[in-house]
Amino acid sequence: MMHFTDITGLAGVALTLLALTLRLPGIKRLSAKPKLALVCVLLIALVIPFGNLSAAEFMRGVLADLSVTTLLLLLFAQREWLVSALGLSKAREQGSLLPQEESGFTQALLFVVIAAVVLYPFALGLGMFDPYRWGFGNIGFIAGLLLVALLAWVKQYTLLALSISLAVLAWSVGWYESNNIWNYLLDPWLAVYAVGELLKRGVTRRTGRKS
Amino acid sequence: MQGKRMLIPGIMLIAFVSAFYKASSVPVAATFQVPTVEVPASPARFETHFASSKTFVQVHAASVIELRDGRIRGFWFSGSHEGAEDVAIHSAVFDPLKSQWGSETVTVTRDQTQHALHRMVAKLGNPVVGRAADGSLRMFYVTVSVGGWAGASIATMTSNDEGETWSEPRRLVTSPFINISTLVKGTPFLYSDGTMGVPVYHEFISKFAEMLRIDKNGKVLDKQRLAAGGQGTLQPVMLMQSAQTALVLMRYAGSAAPFRVVTVSTQDAGQHWSAPVKSDLPNPDAAVTGVTFPDGRMLAVLNDLEHGRAALSLMLSADGGKTWREVRKLEDQVAASAQFDEASFSANVQTLIPQSDARATAQLAQYVDSTKRTVCNTGRCRYEFSYPYMIQTQHGDFHIVYTWNRTFIKHIWFNQAWLNQSLEKPVHDALH
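Protein chains in written order, with this note's numbering: chain A, 8 to 218; chain B, -16 to 415.
Where hints are given, some of them may not hold.
Which residues of chain A face chain B? A few of them, derived with a C-beta cut under 8 Å, are [as the list claims (entries may be wrong)]:
no., residue
1, A26
2, R67
3, Y127
4, W189
Not close to chain A: a few residues of chain B, all C-beta gaps over 12 Å, as computed [as the list claims (entries may be wrong)]:
no., residue
5, P10
6, A13
7, G53
8, A99
9, V104
10, A105
11, V127
12, L155
13, G201
14, A258
15, E325
16, T334
17, S339
18, G362
19, T376
Since the hints were made in silico from the structure, they are not lab data.
Owing to the predicted nature of the structure, the values given are computational and were not obtained by experimental measurement.
We put the CB at the ideal spot given by N, CA and C, even for glycine.
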């Protein structure tokens, strides 16, 4: 029988591949209902084994389990059509089900970049200090995350507050194989994306000002 | 609207209350559990065997564990060549009463591993086994999905029948970077609270030794760095001296001479480690192994060379690892390495094989061909005695396994009486 953490890990990889596929130009322009149908077909294609492995299992070997923050940001990126396809438009009109653009996307990316700068160089061997060790349940580290999450909530950076909280919650309940909070907070793929996206936004803003 | 406004703090509250609760249940630091050894009086014994029996395969990275009935179970990886898709973890059992290894069986394959882990796995390696606090065996072995060994992760599985059958492998998550680059080679050990210590090492971008602490369910509780990246330390081996003190020997993979085994030590059961220092023991970027006697003396097995792996020595330290003396050269083909052509190699190996395992004489031609095919390339043959792994049994006997020319796993069994006899002989080698 499949372990719970394999189901969650594979689901994360499958969702990521789906979300990336939906970003492709031809598919991006589809309306909500055909998009939902395509998602269902793709999902089946991803989880059916070809030979010894399904596409999701193959890619899990390459990508590893994706952080909760990655999944939340991917979901956020797909919010428009998801709300429409799932018939939640009415609910949306009444108030935000998913955070809106202004509610902390940039701050969430900034948090990822800062976390990556703090974590990766040291975790990969720079000196004797290894912040990854904090992730195995260090009380001070969790308290620090609580402070950042509270600050984000007060500042109405909803996406950032939600990312940290859901990552911490997922760690608490053992959502993935990892017993380390860092693996729930970020992954290298997200870090690379965050750097690229922030640079792009910076360039766009600068170009906008000039014109 | 008020409900939605309170949704985030609600999630936050649940998340952090759960997290603090989980963090409060993380085990506190524990002391080392020092194995007990009782040595009965017995005549001196020194035997050598081949543990593996398959020919025309490459074998490497052997380890052994004492079973409850006093037999010894060995593990190694075996396949067409290192890193090949057909490489699997093999096992066999040595019966000291019969002085004989049983037939070789497959413990786990690459296919089984990737099926159980639900992810692509390209190759396997380095199995080591420890006995958990509940008496079961826990195996750790290396898996790679993409790239070379630097991209490795560790899989673990358990056995409740002394290694006859195993649970499905599970993945240890030990790194924030796509969970890559944690490898295992050293002997696992127990802490006083029943958690298990596993000496591991990192190879991606920089090389450094680390220590994992695993709970009874195979969850990683802690990972501690033994040396900084750039110091070239690999494959740590714990030589436990007491509940609080231990010396760690590490392979040196750096480029700065002198090429020596690097050591670190602890005085508080691993809460803090000393800065790494180069010992007097030569090291040609090759694995070492060692054990500590109940009286504090230490035995180590290593390539007593700065370059190459054509010799392997048994070394002893009576002063906690400060100085070492050679007890015996287990292998020495340094001089023979000058004659590297196939004819000279074959002639030499024809002598070495029966010396290593008397039973191999019956299949001598096949064993020689198998060895030649593994280590000779374009007319040049290279001797390799590497990856030693040593244990001491409850009755004080020592078992060493190591890679013999990548063709066989060689096993050496000796007891305290033989060691004492050897130590009484005049020391012809200089003290290191």
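How the hints compare with the structure:
Taking 8 Å as the C-beta contact cut-off toward chain B, the hint placing A26/A at the interface is violated, the least distance being around 19 Å. With a cut of 8 Å, the hint placing R67/A at the interface with chain B holds, because the nearest CB-to-CB distance is about 4 Å. At its closest, the beta carbon of Y127/A sits 6 Å from a beta carbon of chain B; the interface hint therefore holds under the 8 Å criterion. Nearest Cβ of chain B to the Cβ of W189/A: about 5 Å, under the 8 Å cut. The hint holds.
The beta carbon of P10/B sits about 10 Å from the closest Cβ of chain A, which is not more than 12 Å, so the claim that it is off the interface is violated. With a least beta-carbon separation of about 15 Å from chain A, A13/B lies farther than 12 Å from that chain, consistent with its non-interface assignment. Every Cβ of chain A is farther than 12 Å from the Cβ of G53/B; the closest lies at roughly 36 Å, confirming the non-interface assignment. Distance check for A99/B against chain A: the nearest CB is about 9 Å away, which does not clear 12 Å, and the non-interface claim fails.
The non-interface label for V104/B is inconsistent with chain A: the shortest C-beta to C-beta separation is roughly 6 Å, within 12 Å. Non-interface call for A105/B relative to chain A: violated, since the shortest CB-CB distance, roughly 8 Å, does not exceed 12 Å. The Cβ of V127/B does not lie farther than 12 Å from every Cβ of chain A; its closest approach is about 9 Å, which violates its non-interface assignment. With a minimum CB-CB distance of about 8 Å to chain A, L155/B fails to clear the 12 Å threshold, and the non-interface call is violated.
The Cβ of G201/B does not lie farther than 12 Å from every Cβ of chain A; its closest approach is about 10 Å, which violates its non-interface assignment. Not every Cβ of chain A is farther than 12 Å from the Cβ of A258/B; the closest lies at roughly 9 Å, contradicting the non-interface assignment. Separation of E325/B from chain A is adequate, the least Cβ-Cβ distance of about 39 Å exceeding the 12 Å criterion. Under the 12 Å C-beta cut-off, the non-interface status given to T334/B relative to chain A holds; the minimum distance is some 45 Å.
Look at S339/B: its CB is around 38 Å from the nearest CB on chain A, clear of 12 Å, so calling it non-interface holds up. For G362/B, the condition that its CB be more than 12 Å from all CB atoms of chain A holds, with the nearest at approximately 39 Å. For T376/B, the condition that its CB be more than 12 Å from all CB atoms of chain A holds, with the nearest at approximately 33 Å.
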